[in-house]
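Student: Model the placement of chain C on the given structure of chain B, informed by the hints.
Number of protein chains: 2
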Amino acid sequence: MNPAIQAFVFDAYGTLFDPHSIRTLAEALFPGHGAALSQLWRTKQLEYSWVRTLMHRYEDFWSVTRDALTFSCHSLQLPCTEKQRDALLDAYLRLEAFPEVKHSLERLANRRLAILSNGSPRMLRAVVDSNGLTHAFERLLSVDELKLYKPHPAVYQQAADRLKVPKESIGFVSSNFWDVAGATSFGFQTFWLNRAELPADELGVTPTAALQTLADLLP
Amino acid sequence: MNPAIQAFVFDAYGTLFDPHSIRTLAEALFPGHGAALSQLWRTKQLEYSWVRTLMHRYEDFWSVTRDALTFSCHSLQLPCTEKQRDALLDAYLRLEAFPEVKHSLERLANRRLAILSNGSPRMLRAVVDSNGLTHAFERLLSVDELKLYKPHPAVYQQAADRLKVPKESIGFVSSNFWDVAGATSFGFQTFWLNRAELPADELGVTPTAALQTLADLLP
Chain B
342 MNPAIQAFVF DAYGTLFDPH SIRTLAEALF PGHGAALSQL WRTKQLEYSW
392 VRTLMHRYED FWSVTRDALT FSCHSLQLPC TEKQRDALLD AYLRLEAFPE
442 VKHSLERLAN RRLAILSNGS PRMLRAVVDS NGLTHAFERL LSVDELKLYK
492 PHPAVYQQAA DRLKVPKESI GFVSSNFWDV AGATSFGFQT FWLNRAELPA
542 DELGVTPTAA LQTLADLLP
Chain C
342 MNPAIQAFVF DAYGTLFDPH SIRTLAEALF PGHGAALSQL WRTKQLEYSW
392 VRTLMHRYED FWSVTRDALT FSCHSLQLPC TEKQRDALLD AYLRLEAFPE
442 VKHSLERLAN RRLAILSNGS PRMLRAVVDS NGLTHAFERL LSVDELKLYK
492 PHPAVYQQAA DRLKVPKESI GFVSSNFWDV AGATSFGFQT FWLNRAELPA
542 DELGVTPTAA LQTLADLLP
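Protein chains in written order, with our numbering: chain B, 342 to 560; chain C, 342 to 560.
Since the hints were derived computationally from the structure, they do not count as laboratory data. These numbers come from a predicted model, not from an experiment. Among the clues, some could well be false.
All copies of an identical chain are treated as equivalent in the list; a pair is satisfied when it fits inside any one copy or across any two copies.
[Stated by the list, open to error] Derived SDA-like pairs: lysine to any residue, alpha-carbon spacing no greater than 25 Å straight-line:
#1 Lys508 - Ala432
#2 Lys508 - Arg398
#3 Lys443 - Arg407
#4 Lys488 - Tyr399
For reference, chain B alone in the conformation it holds in the complex (with noise of 0.2 Å):
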C-alpha cells in the first residue's frame, strides 16, 4: 500500500493551464492555421526543451518558447512579425485554465499544494495570478533553478528537498505522459491526468493511476 500524500506537486502547461488556449488569438492572426501554429509550437517548445537539457545548452523556458515560435511561423510560411509573435508569446502568459482546475483546487485547499514546472518564475506567477490562483499554492517550483528541464530526475528531487516531504508521499499529476513517466521513475506517486483519453506512451512506466479530470483526484 502507498503511504499516505503530503503534498500535490501540479505541472503546469497542458495539465491546469491550456497551451492551446493561444488558438484563438493565433487564429485571428494567421486565418487558416491557428490550429496547426498552436500544435506545432507546442510540439517544438518540448522538443527544444530536451534537445537543449541533452546537449547542455539550458535556455529558459521563455526563451525556448519564443524561438519554437519563430520555428515555427517559419515551417509553416507564415510571415509572423515582431509584434505578431510579441502578440503570440505574452498571452503565453495569460493562458487559460481547464475549466475544472479552480474548483478543483478549492476542494484540495486544506492540502499541501505545489507547482513544479518547465515554466520560468515570471511565466508561471503570470499565468497563476491571471487565473486567480495566487493563493492555491505554496510553492511554484521552476526547473530554472537547476537549468535542467523535465523528465530529468534532478528536477522531480528539488521538488521534494524544498517541500521537505519524502518521494514517496507526494502525489505528481501531469497530463503529458512523458512527465508522469519521469515522475514515477523518480519515485513520486503518480497521477496521469489524461483529459483527452489518449493512448499511454510506451515507456516502459505505469502511473500510480489515471484521472479523467482534475475533479477525480479526490473523491
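Tutor: Okay, now just chain C, sitting in the frame of chain B:
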C-alpha cells in the same frame, strides 16, 4: 580557418537511410494510413530516445523503435497484429539508402569514413549490408555502448575517441538539425544535409555548412 578534416562521420537514419522508405509497406498493411504511421513512428522514436536518456532509462534503439511503433498504431487506431508489427520492424533493417548515397560514398573512398548512430549495432550492420555498403565504413559506432542517445555530448566524444581524431578535425554529417546542433556544440565541423530545404531549428547553434545532397560534401 578550420583545420583539415581527417575523418567524416555520418549519421545513419534520415541522413544515409530513409526512415520513410517503410511507407510503402505501411500503406500496404494499412491503406490510407501509411504516411501518417511513418511520420508518427519516427516522431515518437526520437521523442522516446530523448526522454529515456533524460530520465535515465535507456533501452536500445530496437526496443525504442518497437515501442514507438506500438504507440503509433494505438494512437492512429490501427489494429496492428504482432505479425504486422514484426514485418514493419524488420523493414527497418532494410531501409533504403537515399539515391545519391552510394555514389557519393564511393567518391569519398580515399577518406576515413564512419557511422555514428542511435541504432543498435545489429540494426546498423543490417541496414549497411542490405544497401551494399559493407566496406564503405571503417567503423559503425553505436550509442549503445554508452547507453545515452544523441545529442548528449558523450556520444560525439565517443566518435572522436574511437577514431583517435581531434574533435575539430572531424566532419560530421547529419540531416537531423538537432543532431547537427549537438555535434556543433560539442566541437565537430558540421554539415547539415538539408535535402528537403527545411528551416533551421532555433537552437542557438549554426552548422559549419549546409548541403542540399550528399554529393555536395566534396566539390
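Student: Could you tell me which of the numbered hints above are not met by this structure, giving the numbers in increasing order?
Tutor: 1 and 3
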